[in-house]
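Trainee: Spelled out, the chains give:
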Amino acid sequence: MSAAIRIQQVSKRFGSTQALDRVDLEVQQGEFFGLLGPNGAGKTTLISALAGLVRADAGSLFVMDHDVQGDYRAARRHLGVVPQELVFDPFFTVRESLKIQSGYFGIGDNDDWIDEILENLGLTSKADANMRMLSGGMKRRVLVAQALVHRPPVIVLDEPTAGVDVELRQTLWAFIRRLNEAGHTIVLTTHYLEEAENLCTRIAMLKAGRVVALDTTANLLRRFSAHALRLRTGGTLPAELAREGAESGGWWSIPFDGFDQVEPLLARIRAAGCRIDDLEIGKPDLEEVFVRVMQGQAG
Amino acid sequence: MRHGFSTLLYKEVLRFWKVASQTVAAPVLTALLYLLIFSHVLEGHVKVHGVAYTAFLIPGLVMMSVLQNAFANSSSSLIQSKVTGNIVFVLLPPISYLEFFLAYVLASVVRGVVVGAGVLLATFWFAPLSFAEPLWILVFALMGGAILGSLGVIAGIWADKFDQLAAFQNFLIMPLTFLSGVFYSINSLPPFWQRVSHWNPVFYMIDGFRHGFFGVSDASPWLSLAVAGACLALLTVFTLNLLKRGYKLRA
Ligand SMILES: Nc1ncnc2c1ncn2[C@@H]1O[C@H](COP(=O)(O)OP(=O)(O)O)[C@@H](O)[C@H]1O
Ligand SMILES: [Mg+2]
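So the sequences go chain by chain: P and F. For the first sequence, numbering that gives the first Met the number 0 gives the first residue as 0, with consecutive numbering after it. For the second sequence, numbering that gives the first Met the number 0 gives the first residue as 0, with consecutive numbering after it.
No wet-lab data here; the hints were simulated from the structure. You may find that some hints are simply not true.
[Unchecked claim] One side of the interface only, derived from the structure: several residues of chain F facing chain P at Cβ under 10 Å:
1. R1
2. G3
3. S5
4. Y9
5. V18
6. S20
7. L35
8. I36
9. N85
10. L91
11. I94
12. P127
13. R249
Backbone N, C-alpha and C define an ideal beta-carbon position, used for all residues, glycine too.
In isolation and in its complexed conformation, chain P is listed as follows (with noise of 0.2 Å):
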């Protein structure tokens, strides 16, 4: 089966920038794929490049196995883009749009899938609304929908839930998972971390242009996170526990592998007569690898 996002040695400057530098990734059929990375580190140029916003530098890209640029019509079939900008046309409504968007993929006739996409989207009430109606929230659901006209089995979504509320968020989330379900290869890039780590299955963590880390997601928790004995204390920590782990806002954070470890720690503790004040047990969480790796740790 051929991969559903092929790239190879990419890279892109802009002026001094170098947004993207020898950027390889590889994403499978029918994965939920992660692209994480602080701000300019790259995500939108490397998603830009795969649509064909912007040209690659050097390097080259692919669609199911389609060239951005040498077949550049298959490929733009294969995908459809949520861009980070809220854009909009502010001359049609919601359904225009939609059906405007359509006929640009080729595809006439499309009231059922258009349809079904708003109802997934919780559009319905607003079909006939004008797109400058609309709240940011609701502007960004038509985005999209909009990429979703030509039921693309690539599917990319740069920062979709900024910015939107709870609910926005739930809804798109249930459905993007459900065209997950159905086949359909989705990659995301987000700034909220418990959104990729609950979501992504395979994550790649993108800085100055280059991929600092690609795994899954449940290797990436296991290499750069683990439990850890959270607590607070009257006294000072002894010194040799204090090495293991770290203190920040008055808690310290002291990491094990297993739980039979926990009594261990808790007994050291005891024995150097430091005083417990309170007491949590801390899970692996996809900040901390975040934040490990792009400090430099990665392994």
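We have chain P already, so just place chain F with the ligands on it with the hints.
Mentor: Relative to the frame of chain P, chain F with the ligands by itself:
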């Protein structure tokens, strides 16, 4: 015909039609005002090629409206899409640069011809008009619209801001169209300005268009056709090259 192309053409026509009071009615009114003022001042004093001044003026105003509105359509649509960012909606689909070019230019021709027809309807009862060689009327209206539509595509792609587009319009398009014999026959000009006018391609478009009405003109309509054809070919090649390279549209 490819669906992507026809949809883009439809969308571009719908775009101006939805705001027809600004894009059609307003320019028709402007042309009507020119007619009322200039014919009031000059009618009875001036005859051109044996044609009464008002009758002479009408085709000029019609063609000027065709040209200016064709330019306005593609240029303003593109700059608006670029500034608001919704240009991505046409850049993401599998639309070729040739389809892109044809759709924007044809929509400009439609806008130009609609406004031109409106101006003709609003003005033709002010003077007895003839339609001596109607095929020329059609040919020059379509070619002129396409030429200015292509120029509009170039300007819309090149300009990053609205004031750059306004500069293009005010310092290039307006002088070219106003100094092209819309309001006078260039034969009435001093020799130096006659020679200058012969370097203005818009002069030939207006002259050829007018020839279709009266059967007389400053230049031969065949010469005008050759000039307009050359302009259109040149601009088409230039614009297609810009689009193919993705100039300012695909970074
Ligand atoms: N069109 C452009 N012109 C100049 N610089 C750009 C352009 N697009 C992106 N950049 C720069 O490239 C880098 C990567 O940007 P971007 O891909 O938007 O990052 P991200 O989406 O990860 O926040 C940034 O430094 C940004 O300023
Ligand atoms: Mg971005």
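Trainee: Compare the structure with each hint and give your call.
Mentor: A quick look at each hint next to the structure:
{"no.": "1", "hint": "R1", "in the structure": "holds (7 Å)"}
{"no.": "2", "hint": "G3", "in the structure": "holds (5 Å)"}
{"no.": "3", "hint": "S5", "in the structure": "holds (7 Å)"}
{"no.": "4", "hint": "Y9", "in the structure": "holds (7 Å)"}
{"no.": "5", "hint": "V18", "in the structure": "holds (8 Å)"}
{"no.": "6", "hint": "S20", "in the structure": "violated (14 Å)"}
{"no.": "7", "hint": "L35", "in the structure": "violated (33 Å)"}
{"no.": "8", "hint": "I36", "in the structure": "violated (34 Å)"}
{"no.": "9", "hint": "N85", "in the structure": "holds (5 Å)"}
{"no.": "10", "hint": "L91", "in the structure": "holds (6 Å)"}
{"no.": "11", "hint": "I94", "in the structure": "holds (6 Å)"}
{"no.": "12", "hint": "P127", "in the structure": "violated (41 Å)"}
{"no.": "13", "hint": "R249", "in the structure": "holds (6 Å)"}
Of the numbered hints given earlier, the model fails hints 6, 7, 8 and 12; all others are met.
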